[in-house]
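2 protein chains.
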Amino acid sequence: MKTINFEQEIKSLLPLFQPESLAIIGASENPFKPSGQPLVSLINAGFKGKIYPVNPKHTTLCNLPCYPALIDVPGSVDLAIIAVPAKYTLDQLQQCADKGVKGVIIFTSGFAEVGPEGAKIQMEITELAQKTGMRVCGPNCMGIFSSRNALMANFSVTELPEQVLVPDFLGFISQSGGFGAAIYQMIKEKGYGFSHFVSTGNEADVDFSQYMGFMARDNYTRVIGGYLEGVKDGQKFINATDMALQNNKPILLIKAGRYPAAAKAAASHTGALVGSDKVYSAVFKQKGIIRIESLEEYQIVLSILASNKCPKGKRIAILATSGGSGVALTDKCSFYGLEVAPLQAETRAKLDNVLPAFASSANPVDITSAILTQPGLLEQCAEIVINDPGIDMLITAYWALHGDRTNLEQMVRVSKKTDKPIFNIVWGPEEAALQALHFLNDNLIPAAKEVDFAIRSLAVLADYSEFKTARSNKNNEDYSIQAPPSAKKMAGEILNNLKPGAKLTEYEAKQVLRAYGISTTREVLTKTTEKAVQAAKEIGYPVVMKIMSPDILHKTEAGGVLLNIATDQEVVESFNKIIENARKYNQDALVQGVLVQEMLSGGTEIIVGAGKDPVFGSTIIAGLGGIFVEVLEDVALRVAPVSNLDAREMLEELKGKKIFEGVRGKEPVDKNALVEIIQKVSRLVEDFPQIAELDINPLLLFPKGAVAVDALIVLQ
Amino acid sequence: MKTINFEQEIKSLLPLFQPESLAIIGASENPFKPSGQPLVSLINAGFKGKIYPVNPKHTTLCNLPCYPALIDVPGSVDLAIIAVPAKYTLDQLQQCADKGVKGVIIFTSGFAEVGPEGAKIQMEITELAQKTGMRVCGPNCMGIFSSRNALMANFSVTELPEQVLVPDFLGFISQSGGFGAAIYQMIKEKGYGFSHFVSTGNEADVDFSQYMGFMARDNYTRVIGGYLEGVKDGQKFINATDMALQNNKPILLIKAGRYPAAAKAAASHTGALVGSDKVYSAVFKQKGIIRIESLEEYQIVLSILASNKCPKGKRIAILATSGGSGVALTDKCSFYGLEVAPLQAETRAKLDNVLPAFASSANPVDITSAILTQPGLLEQCAEIVINDPGIDMLITAYWALHGDRTNLEQMVRVSKKTDKPIFNIVWGPEEAALQALHFLNDNLIPAAKEVDFAIRSLAVLADYSEFKTARSNKNNEDYSIQAPPSAKKMAGEILNNLKPGAKLTEYEAKQVLRAYGISTTREVLTKTTEKAVQAAKEIGYPVVMKIMSPDILHKTEAGGVLLNIATDQEVVESFNKIIENARKYNQDALVQGVLVQEMLSGGTEIIVGAGKDPVFGSTIIAGLGGIFVEVLEDVALRVAPVSNLDAREMLEELKGKKIFEGVRGKEPVDKNALVEIIQKVSRLVEDFPQIAELDINPLLLFPKGAVAVDALIVLQ
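Chains as they are written, first to last, in full-length UniProt numbering: chain A, 1 to 716; chain B, 1 to 716.
Honestly, the hints are just simulated from the structure, not real lab data. It should be emphasised that the depicted structure is a prediction, and the values quoted were computed from it without experimental measurement. Keep in mind that a hint or two might mislead.
Note: identical chains are not told apart, hence a pair may lie in one copy or across any two.
Claimed, not checked - Once the Cα atoms are required to be at most 20 Å apart in a straight line, the calculated SDA-like pairs of lysine to any residue come out as:
| id | residue 1 | residue 2 |
| --- | --- | --- |
| 1 | K527 | D588 |
| 2 | K190 | E431 |
| 3 | K655 | E493 |
| 4 | K666 | H554 |
| 5 | K612 | R583 |
| 6 | K658 | G626 |
| 7 | K264 | A362 |
| 8 | K474 | P375 |
| 9 | K264 | A345 |
| 10 | K312 | G665 |
| 11 | K584 | E117 |
| 12 | K87 | V114 |
| 13 | K350 | P375 |
| 14 | K232 | E124 |
| 15 | K50 | T528 |
| 16 | K264 | R315 |
| 17 | K33 | S369 |
| 18 | K57 | Y507 |
| 19 | K33 | P375 |
| 20 | K416 | L444 |
| 21 | K264 | Y336 |
| 22 | K264 | Q592 |
| 23 | K249 | K417 |
| 24 | K658 | V635 |
| 25 | K33 | P356 |
| 26 | K190 | Q435 |
| 27 | K188 | H438 |
Build out the structure end to end from the sequences listed, making use of the hints.
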């Protein structure tokens, strides 16, 4: 349902990107002003549609007739740019609506970013857009550039790039005008073509996710990029990433606000809630979004994608021209998670055949200074190594020589014969190195002089390949854990009859968990000492006894939990003691009874829980209990729904994961049981979105199976 | 004693760097051969001393008289370069000794790096050097370059640099010829002058540390740099770093082999044991050595040092020209451990005074695109911000404009007026950015386009300043914990009477610990059940009983430990049981008796230990016990001696350090007691170097004091 709406939303963006007619309200012919730059650029770049300048002060602008008001424009208008002061903006937007304009770009600033008064006017823009179905980009934005149709509807990209090595490549969306323009400039300079470039501004109507969705569906976009500070609607964002995955388009985002200081700065920059970076990080993992950490990495990742050779795995070979640089490259590969893999005996034999005696054919391969004296050696070695079936990619480092392209041409030839990426680290005097890098870049051979950026880029792309491979396996993408209708009914009887904000007692919460197939301690809620003794006998000694009251959530604090109760008499005493303590703790507390519970020993303490993120909705956490969570905050987080693979990856990222394999003489525990419970919790909070918080703490995980010992559920 | 020797060793290197006469054995005049390059370069560069080519095949070379053999050279020879095949090398070296040559550089390869046979000849080189006192650089090296005297005694640096911005700056030592040459080239290109550049080769005689020591004492070296794979003698390395610290010279090392794959590659590259990177890492921390992670970082750290403005602390201000780039820079600062500190109210008021209304004066300061329209704004803002007393450094990011140096000149002016570093991130079209970077670099203003390298470089230099400040406080540098003579005597009575390889029982080990003032559990070694009961009564129930035998070190495994013994009768039964179990476990074991020990409860489990590193000698570890050490390997390591500050820093780097402050309702524990014990263990292993291994596990740390519960000492 949501997805269908989202498809429609995306389609409605077409007039923003492919208008056949365009009006500029408040137009001028001064190319240094936002009101003039689009007009001049559209004409110079050869925009194919009709252009209507609108400004009562002129009769012509740039030799085009200029209209006093939008209503005076003779034909229909697909897209309008509004470049008038803030106080006139809403009126002009209304005129757009009256004229039947389909898309509007508002350059004007002075709205939500300046304070509450501006936010109020912005809200009216939003309402007008929603009421009329007219799509609005901005306000407070730099506009839209589309290359195919020379749509220069912005004041940042003023001309079509002269030379494009890879046309129809990157669609870029930026939540910062200035920083976005800087990124545009750097990527353009490398020759990578932009399909579209959008500065989103305050997103009064169209938001970051809708632009992403548009580019996921767009035929001229191969890669989706962006600078992101935050989205308001997580579900839309996920819809857009799913579309990109379906269409096999990588998403490369610079996401600001990883650290609190930056998140604060971003919030003050956009005037919007940016959400928790931990949750974004979870979504990025679940959806294979590539988080780009620097402008240099952006260029390099794009250069590898532009070459159409993504590393399929993490096994890298190194070809160096000195022992020292081979060692240094090996360190970097390890640091960034790539495996400097052993070469096959056959490969080494072939290398030994061409290398001088003092060289080394082990990975890192050291071809030594023989590269200078043995023509073709670099090419021979590269070809031998890249054809090793145990290798996913090659990185080679050599010295640029003034005016000598021998090595470069060798690398171009080798690269053309393989579908695995070969990355060239080129060192040397600045000018020679730059020329070499330009030559390689022009031949679509990935190359740089910075080892760190290069290897990290290869590593993130290897991760991306592994993400896609793992997700292409249906078993991994299994979200199929479904509760039977009876379970939903049972849980619903409890959850649907409670008031908003209600807190379930442990006893109630565990009934819900059991309904969803999660084992809990055996337990009986008792209201008299007699019933308690009877229950204890049935369960078997020793038992635990706990106060059950919706008004007492911190049971231990209230003296409401007694452990290791071993006899009938102790049960009676404990029952009375617990009731007495509860009265003392909160004399108005509604007491439902005393829970008599089996006392488990052994097992590994785990916590599994769920929460709500204001942007992305239900989140799921899992971690090792006790000091792991308290001291190390060692928990893994995902957003619901969590697939089988997601759950397994959660456990893999825990620092204390060694515990699962058994330490201090313990047996390994039942990880599969935990994976299933994580998915069941995910299913439960999806079936009952009114659950704001769920905690199973501890869950005891055994060599076979797992049992929830305590649990808490809080409704919204 | 050691240090005095080291001073002499260093002085003896002078002829390698400042010879007044130089012979080249096996000389040629072909500048493309190692045998010819030095001769040509020495003449071209204007070396002031005498040059004697030696080669029986020639009578003149490069217009200089050429001698058939070294003996034929008329005057004395300070330094000889040997560039003859490996098989003639030893003979020529002997001739150098006969001639009274003081320093020799052997270019020739084919020694330890090619296998055992080569290693044998190399050993003879070492012996000849040691016997004669003649100092040898190499073999298998590229030689030595010194700039002051135009000493081109190498085949890597062939000419004096044309333009040197900062003369007498960097002394560089490289354990890789090729990689070292690459580093040389990149640093030279920035205009930073080398005092000396050494390729160390196989280090048959002079080693990395001696060159470091030489540069620490050298008047023309301000900064010591190097590419390091490993040293053989850790003490010498430490002596050299201490000298550098005394002389206020930063040490910047690229240390290879952080990860196993690279360590393996380095070992095969140098043919030498490279040692544990963890121990190097500890030494770097204790001695303030700056570990450089990339060539780019090398250039940038040098550029900041060259400007003579090192950040004194970690508080950074950001001046950006777009909100987005300010946010992105803030994230990077947080990532690399810098603090984007709040600006003082006065600073913000001054900023608000000059900034446009839509800009932001909070750190990160966003001066917006007003930088383009308000001349002088960048300079004004930078000056206001850098003068904030709560700020240690400033980073600013702006766009390079073709042919327009306005911003650059502003930054030069501001930088000249402050002693705090101002770093310039310059973005823009490649050519404009390069020109801007060159201009700033030529004015000794630190600048780059890569944010990551820039901020990481500022962070490592802030760390270095903090290291020096902390060490300048005498209390922090306190190594004064001394054992009284009686303690040394008591411990000596036990330790000096044991055979090499002996393993002390817990009872013996704890006596040693107590002698050094480390509290242990109260305990009595008993040989009869009667004595055991008596002991238990004195200690107070409950007690622990343990088998004591030098042949049973894994006491628990042998059934030799019983806990929670509460009555006289249980003592008797336990005694007999333990003896019986010990007999079953190892019927030949020498049993010294049964240890009756107080049973402690509560406290936080800690481990403190000592070990031996083949390179650096005694090492000290400390960590949290239990799963922290077993699952997370959460231990801090240092080499002995450990100062008070070192010990405190060890605890600071533990992942689980939150435990010390008290978690789960526990009181904070006595960190000072632990700091003292770490230092006492350090003192103990220094006083008794025969201790190969020492383990206190667990040490129970209480809110007041700490008690060793179990201990182990193994001798070498």
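Evaluated hints:
{"no.": "1", "hint": "K527 x D588", "verdict": "within (17 Å within a copy, 63 Å between copies)"}
{"no.": "2", "hint": "K190 x E431", "verdict": "both (17 Å within a copy, 13 Å between copies)"}
{"no.": "3", "hint": "K655 x E493", "verdict": "neither (39 Å within a copy, 45 Å between copies)"}
{"no.": "4", "hint": "K666 x H554", "verdict": "between (31 Å within a copy, 18 Å between copies)"}
{"no.": "5", "hint": "K612 x R583", "verdict": "neither (33 Å within a copy, 62 Å between copies)"}
{"no.": "6", "hint": "K658 x G626", "verdict": "both (15 Å within a copy, 13 Å between copies)"}
{"no.": "7", "hint": "K264 x A362", "verdict": "between (49 Å within a copy, 11 Å between copies)"}
{"no.": "8", "hint": "K474 x P375", "verdict": "neither (50 Å within a copy, 61 Å between copies)"}
{"no.": "9", "hint": "K264 x A345", "verdict": "between (55 Å within a copy, 18 Å between copies)"}
{"no.": "10", "hint": "K312 x G665", "verdict": "neither (38 Å within a copy, 50 Å between copies)"}
{"no.": "11", "hint": "K584 x E117", "verdict": "neither (52 Å within a copy, 87 Å between copies)"}
{"no.": "12", "hint": "K87 x V114", "verdict": "within (14 Å within a copy, 81 Å between copies)"}
{"no.": "13", "hint": "K350 x P375", "verdict": "within (17 Å within a copy, 64 Å between copies)"}
{"no.": "14", "hint": "K232 x E124", "verdict": "within (18 Å within a copy, 75 Å between copies)"}
{"no.": "15", "hint": "K50 x T528", "verdict": "neither (85 Å within a copy, 109 Å between copies)"}
{"no.": "16", "hint": "K264 x R315", "verdict": "between (39 Å within a copy, 17 Å between copies)"}
{"no.": "17", "hint": "K33 x S369", "verdict": "between (57 Å within a copy, 13 Å between copies)"}
{"no.": "18", "hint": "K57 x Y507", "verdict": "neither (75 Å within a copy, 100 Å between copies)"}
{"no.": "19", "hint": "K33 x P375", "verdict": "between (57 Å within a copy, 18 Å between copies)"}
{"no.": "20", "hint": "K416 x L444", "verdict": "within (10 Å within a copy, 44 Å between copies)"}
{"no.": "21", "hint": "K264 x Y336", "verdict": "between (29 Å within a copy, 18 Å between copies)"}
{"no.": "22", "hint": "K264 x Q592", "verdict": "neither (45 Å within a copy, 66 Å between copies)"}
{"no.": "23", "hint": "K249 x K417", "verdict": "neither (25 Å within a copy, 51 Å between copies)"}
{"no.": "24", "hint": "K658 x V635", "verdict": "both (14 Å within a copy, 17 Å between copies)"}
{"no.": "25", "hint": "K33 x P356", "verdict": "between (64 Å within a copy, 18 Å between copies)"}
{"no.": "26", "hint": "K190 x Q435", "verdict": "both (13 Å within a copy, 18 Å between copies)"}
{"no.": "27", "hint": "K188 x H438", "verdict": "within (13 Å within a copy, 23 Å between copies)"}
Of the numbered hints given earlier, the model fails hints 3, 5, 8, 10, 11, 15, 18, 22 and 23; all others are met.
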